[in-house]
Amino acid sequence: MAGLQPRPAACRVESGLKNTLAGLTVLAIAAAVPAASAQTAEQRLPACLACHGTNGIAKLPGVPSLGAMPADYVLTQLYMFREKMRVAAPMNALAEPLSDDDLRDLGDAISKLPPPQPAGEALAAADADHGSALVNRYHCNSCHGADLAGHDNIPRIAGQREDYLLKSLTDYKSGARPGYSPAMSEASKEIQPDHIPVLARFVSRQK
Amino acid sequence: MPRPTQFAVAALATALLAGTALAQTTPPTPKGDPLEGRPSNTEAAKLAPVDGPPLPTPAAKLPTAMLKVPEGYKVEVYASGMPDARSMRLGDKGTLFVGSRLNDKVYAVTQVDGKPVVKILARGLHRPNGLAFKDGNLYVAELNKVWRYDNIEANLDNPPKPTLIYDDLPSDEPHGWKFIGIGPDNKLYVPIGAPGNILVPPPTHAQIRRMDLDGKNVETVATGVRNSVGFDWNPKTKDFYFTNNARDWLSEDIPNDTLHEVKAGTGTPPNFGYPYCHQGNFTDPEFGWGHKCDEFAAPTALLGAHAATLGMRFYTGSMIPEAAGGIFVARHGSWNRTTKNGGDVVLVKLNDDGSFKSMQPFMTGFLQDNKYVARPVDVLPMPDGSLLVSDDWNGAVWRVSKAQ
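Sequences listed follow chains D and P, in order. The first sequence begins at 1 in the numbering used here and counts up by one. The second sequence begins at 1 in the numbering used here and counts up by one.
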């Protein structure tokens, strides 16, 4: 398997499927797993982790870490990729052939990966205080939990890649990413734009 | 079985409670946030909107046996496999159309040899919750657009390109999804919710509009309406009745969701009080200062705190005699309450003058041990007198009929 893993460039997240590179990415990842239709989640998982990183800890820009992500959230995102309700190459094409049970099994398997550990340099005390105050102000804990670990169909955000959090919050706020439920569109509506980087930086460093 | 909701409301005690809740409120969350107004205590922090799973429950695992109806009636599955099944409309030729809110699809259900066949009629729509049907055409409301699909039942396998009817609508996600309907006045009714929990809405929001079926001659029917996701017309009087979802975070027990009416032929649109007055008898602890509830049109009925009253229909059939002339109301069930409230279909009866008479549970069991196993969204009396109930938790439609 390891020898067939796509190079990092092939994991680049694209916003459309017409892109040649994205098409090649799908081929590359599809080639990395057996073509049989009756694969178990364990058999499929290495293809996921080729981009999402060993143990689901993503090392690539724009690619989210998946470790300990709540199963229902993973299922929801995979469903949206399959139905093209959330467009992000190569995920749409990868999810296309998956059955409902495949989605459930993958959600369960990914949720059992260990949680990501915070990366990057530690925050200065003032930055940490500011981030913590903003988490309180915007009630992030109310849905994502006291430790931001998520539950049910609400994602773990603690320890997530900073660039992914930054893009997600920006896209929720702009409407580029509507979400399955409108909850994050609503919650992000009034987040001040200059607070988004502070939140992303702080949350990415939480365990 | 949940007990019937208590209706006796002591206005004074209510006002005192409201005052207590205000005293515990923390610095404000920005407007538009569903958490606006949330007190900063650990119990309140446990509450957040609950969404169902994106996949429909497999037919073999549907909680049919848990759903209870009065003696002499039975519950069965009418159709399943429709993720996020929401508003329902029936076509002239018997096709059941089902919208969705979190999903992007509109479904068409036909019965072939007694078995449901579910087709995806449209996909890629943004929160296509609202449906209406008239003269062979299906109307679909997205978050900010209303479309018309012509002669739809002859083209279920190859739906025509829809015609855009109306898009002078805001794009706010909070309370942006819509229930729509066509009245006996042959007008299309389109509600526009408040863009958040509790705020002074822009003049474009918190109202219900009506228009010609081509989207022209728009007028306002009601203002001061926080969020209506269900309405119907009294078949006798042609008066317009609608459910309304009241604000969150004030208290576990208040305010109630409400049933309202606009008499046929009303000129100036009545103002139903949002955000100044709740449930007709107390002013908002923040926005209500300087106002009195009697400035506003009073609700017809109080339907339960945080119960999320959605679809409602008058019942004119004969299969369920105790429902004759009454209104079935789907209470989707609360999220903003420690002990969940609603999660049932209730039967509301009115007096001859249109005022409130009674409310009784009709279909229960959606809520088990304070968790949802199903959630009712819309109700639809069928030509044979049976009642369909959509369920966005399981992606199914239930049928209640007389037990043989």
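If you're looking for bench data, these hints aren't it; they were derived computationally from the structure. Don't take every hint at face value.
[Claimed, not checked] Listed next, with one range per pair, are the computed distances between beta-carbon atoms:
id, chain 1, residue 1, chain 2, residue 2, range
1, P, D135, D, A146, 22 to 32 Å
2, D, S99, P, P202, 53 to 63 Å
3, D, S174, P, A60, 56 to 66 Å
4, D, S99, P, E76, 23 to 33 Å
5, P, D135, D, T40, 49 to 59 Å
6, P, T163, D, A124, 39 to 49 Å
7, D, E42, P, D157, 32 to 42 Å
8, P, A324, D, A146, 22 to 32 Å
9, D, T40, P, G136, 20 to 30 Å
10, P, A324, D, T40, 47 to 57 Å
11, P, T204, D, A146, 48 to 58 Å
12, P, P202, D, Q117, 13 to 23 Å
13, D, Q192, P, D294, 38 to 48 Å
[Claimed, not checked] Quick list of in silico lysine-lysine cross-link-like pairs, DSSO-like style, CA-CA up to 27 Å:
id, chain 1, residue 1, chain 2, residue 2
14, P, K61, D, K112
15, P, K236, P, K145
16, D, K112, P, K371
17, P, K119, D, K173
18, P, K161, P, K263
19, D, K84, P, K105
20, P, K115, P, K134
21, P, K161, D, K84
22, P, K74, P, K292
23, P, K236, D, K84
24, D, K173, P, K105
25, P, K105, P, K134
26, P, K145, P, K61
27, P, K61, P, K402
28, D, K59, D, K84
29, P, K74, P, K93
30, P, K263, P, K93
31, P, K357, P, K371
32, P, K357, P, K263
33, P, K145, P, K105
34, P, K134, P, K216
35, D, K84, P, K402
36, P, K105, P, K238
37, D, K207, D, K84
Computed from a predicted structure; not experimentally measured. Ideal Cβ positions, reconstructed from N, Cα and C, are used throughout, including at glycine.
Exercise for the section: Assess, step by step, whether the Cα of D:K59 is no farther than 27 Å from the Cα of D:K84, and give holds or violated. Expected result: 25 Å, holds
Handout entry: Restraint status (C-alpha distance of P:K61 to D:K112 at most 27 Å)
Key = 25 Å, holds
Practice task
Would you mind confirming whether the straight-line C-alpha gap from P:K357 to P:K263 stays at or under 27 Å?
Solution key: 18 Å, holds
Practice task
Mind checking the hinted window 13 to 23 Å against the Cβ distance between P:P202 and D:Q117?
Solution key: 45 Å, violated
Problem - Restraint status (C-alpha distance of P:K105 to P:K134 at most 27 Å) - result: Cα-Cα ~20 Å, so holds.
Exercise for the section: Kindly confirm whether 22 to 32 Å is satisfied by the beta carbon distance between P:A324 and D:A146. Expected result: 52 Å, violated
Handout entry: Hint check for D:A146 and P:D135 - Cβ pair distance inside 22 to 32 Å
Key = Since the Cβ atoms of P:D135 and D:A146 sit about 55 Å apart, the hinted range of 22 to 32 Å is violated.
Practice task
Take the C-beta atom of D:T40 and the C-beta atom of P:G136, compute their distance, and say whether it sits inside 20 to 30 Å.
Solution key: At 49 Å between Cβs, range violated.
Exercise for the section: Sort out whether P:K105 lies within 27 Å of P:K145, counting only the CA atoms. Expected result: 15 Å, holds
Problem - Hint consistency between P:K161 and D:K84 [alpha-carbon to alpha-carbon, up to 27 Å] - result: Holds: P:K161 and D:K84 sit about 20 Å apart, inside 27 Å.
Exercise for the section: Would you mind confirming whether the straight-line C-alpha gap from P:K236 to D:K84 stays at or under 27 Å? Expected result: Judged against 27 Å, a Cα distance of about 46 Å means the pair is violated.
Handout entry: P:K134 paired with P:K216 [C-alpha distance capped at 27 Å]
Key = 17 Å, holds
Taken one by one, the earlier hints fail for this structure at numbers 1, 2, 3, 6, 8, 9, 11, 12, 15, 17, 18, 22, 23, 26, 30, 31, 35, 36, 37, listed in ascending order.
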